[in-house]
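Once you have looked at the hints, place chains S and U on chain F.
One line per chain: the protein sequences are F, S and U, in this order.
Quick note on numbering: our numbering labels position 93 of the first sequence as 93, and the sequence is numbered without any gaps.
One rule links them: number in our numbering = place in the second sequence (from 1) + 1000.
One rule links them: number in our numbering = place in the third sequence (from 1) + 2000.
These aren't lab readings, by the way, just hints derived from the structure by calculation.
A virtual CB, placed ideally from N, CA and C, is assigned to each residue, including glycine.
There may be inaccurate statements among the hints.
Covered stretches of chain U, going by a simulated chain S footprint (3 or more residues, C-beta under 8 Å) [what the hints assert, rightly or not]: (1) 2065 to 2071; (2) 2076 to 2085; (3) 2116 to 2122; (4) 2133 to 2147.
Okay, here's what each chain looks like letter by letter:
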Amino acid sequence: MQQSLGNGANPAFLACVLTCLVLSLNLLMLWVSSGAIRAQGGVAINPEDGARYGAPVSELDPPAVARLLRAHRNAEATIYPFLLLGLVYVLAGGGTRIAVPIFTIFIVARIAHSIVYLRAMQPWRTIAFAASLLATLALMAAVLCVLLTA
Amino acid sequence: MQQSLGNGANPAFLACVLTCLVLSLNLLMLWVSSGAIRAQGGVAINPEDGARYGAPVSELDPPAVARLLRAHRNAEATIYPFLLLGLVYVLAGGGTRIAVPIFTIFIVARIAHSIVYLRAMQPWRTIAFAASLLATLALMAAVLCVLLTA
Amino acid sequence: MQQSLGNGANPAFLACVLTCLVLSLNLLMLWVSSGAIRAQGGVAINPEDGARYGAPVSELDPPAVARLLRAHRNAEATIYPFLLLGLVYVLAGGGTRIAVPIFTIFIVARIAHSIVYLRAMQPWRTIAFAASLLATLALMAAVLCVLLTA
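Chain F extracted, bound-state conformation (with noise of 0.2 Å):
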């Protein structure tokens, strides 16, 4: 098929693909897991739930779920952008010599972030979120550069 960028002949297409492959796993897991520690946790969020299962309705979670949930909130605002970013960076005929390391660091740094959050590591968490960030700068500074030198 034409259109397809999937095959051999794209590896920054590849690259891209894992990417999105092993964050949105890291997203849905963090996601799931403030789900299953609240009702294992024996509270609920919802009136039906509560009342289902027996459990106390609360408006505020506890603080195991809070931090799960801080901790996903942190991976939408970082992961989303580097992933649409990432596309177009490749979709504009981006390199692998740059997609590459950027890709690795930004997946290191956001697995390595959902870990020391969810187990209070500072000063590793701030670390991991810069690491993070600093990946998606380069990444908006190679997307540039491809435009420019197209």
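Just chains S and U now, with coordinates in the frame of chain F:
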């Protein structure tokens, strides 16, 4: 135009576009409703709105608004990864035989989730969420398959 | 490279990439500011940060931080769907005559929304949000048009 994916020659892309349209509408309706219901309820979350409409200002939203925002956040957490993966699947050259059933199940599950969340219907909310999650995992597997057989 | 969309031959893709760059920057600035203002304000939302910086820990953010997070959440709720639809529009072969005015209105409306939200200026916040919403609905209609005339 040669690079276009949108003509009849690529029905998988067409399915992806329709999925993106329907689910974007789903997200925007939840978001706009949350603001509309808050305004109707005569409360404000911003002091400038309270001053403007003579409404009491509260950090905590009334239950109906909080429920809409929870439904919206759940929709965001599942729909954005799915749409990115769906786009990547189609760009990789994935076909309709897998895309159409997975996209259809996801759309139905997500619309059902919004409705039953707002109507506080359990266990349907959990079932709809689980179906949308399984469709996402199936799409991830499909993306991997396309990459490996390309 | 044949599959590339990024060369001068496709100005609609160029417009889409610039939109993605500007709005990603908008999102990241709101997000980073919320963390920076919280740290400056001498409060912590995580106990490990409170211990590290000798700051009181509170589940509820101070008003300036809560405002930034509301502005960020509004930006997320509107920008991600728009960028996905914009990418889909360009991949479907949509032209610049429709893309450039819609993308421009959306960018201006979103940047204005961030500014007037942080400055608590009404009714400008509502006007900016409505403009961004209308631009999104116009983009949805444009995507449908491209599909039907392809």
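Hint check:
1. 2065 to 2071: The restraint on the stretch 2065 to 2071 of chain U holds, since 3 of its residues have a Cβ under 8 Å from chain S and three suffice.
2. 2076 to 2085: Answer holds; 7 residues pass the 8 Å Cβ test.
3. 2116 to 2122: Coverage by chain S holds for the stretch 2116 to 2122 of chain U (3 residues, Cβ < 8 Å).
4. 2133 to 2147: It holds, with 7 qualifying residues against the three required.
Of the numbered hints listed earlier, not one is contradicted by the structure.
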